[in-house]
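So the sequences go chain by chain: A and B. Heads up: the first sequence begins at 1 in full-length UniProt numbering, then just goes up one per residue. Heads up: the second sequence begins at 1 in full-length UniProt numbering, then just goes up one per residue.
Please note: incorrect hints may appear among the correct ones.
No distinction is drawn between identical chains; accordingly, a pair holds when it is met within one copy or between any pair of copies.
For lysine to aspartate or glutamate, the following DMTMM-like pairs were computed, each having C-alpha atoms within a straight-line distance of at most 20 Å [claimed, not checked]:
hint : residue 1 : residue 2
1    : 99        : 81
2    : 39        : 85
3    : 99        : 47
4    : 99        : 76
5    : 39        : 81
6    : 99        : 58
7    : 99        : 14
8    : 99        : 60
9    : 99        : 85
10   : 39        : 58
The set of hints was computed from the structure by calculation and includes no laboratory data.
2 protein chains.
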Amino acid sequence: MTRPVCTRFHAAIELIGARWTGAILRAVFTEAHRYHEIKAAVPGVSDTMLAQRLRAMEADGLLTRQVDTGTPVRVEYHLTEMGRDLAPVIDAVLAWSHKWIPVPAGGDPH
Amino acid sequence: MTRPVCTRFHAAIELIGARWTGAILRAVFTEAHRYHEIKAAVPGVSDTMLAQRLRAMEADGLLTRQVDTGTPVRVEYHLTEMGRDLAPVIDAVLAWSHKWIPVPAGGDPH
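Let the sequences and hints guide you as you build the complete structure.
Below you can see the structure in the form of structure tokens.
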């Protein structure tokens, strides 16, 4: 009899793979912390979607939102320990993508 | 200036993280090869959705569909080299999920 796939694995891969989430994680890993920096690192994401994803990732425990109430107010997003622990996942996906996903036509091959 | 997230990474994480794809990959990695075995390993997936995902994963190059034209016809799904190369990603997600995703209430803790 086939054993069901672990529900925790299933929840994890869909959490990480949700639209934009992987790219946002990668951006924050690579030192984009302010909203405009994250937006610049994730081409194509709308403000509505980015704000929604950041709220969801905060609720899921991957990011913290830190507000420094100076003038102007400065908001930064940082990885939690749970988020930082995704480093081996991100690294494995990067390695796989550089082997198997074609460089986009006319695109930056990095 | 913030560097954009690698488009190949972005494509890869959303390919793997698409609804049901991760669970189907894990099922095929753990020796579910026939349609009914994969369906049994992925609780909650409908026939329509499973058939659609299997076709998409074949088109994306992750799976091959092998038809043995006996009686009855026997269809099996196997990982391609591209699919098998996801083993480190699957392992990293499994390890992370077992640290960070709670065991579902009343669920099998495996």
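>> Tell me the hint numbers this structure goes against, listed in increasing order.
In response: Violated: hints 2, 3, 4 and 5.
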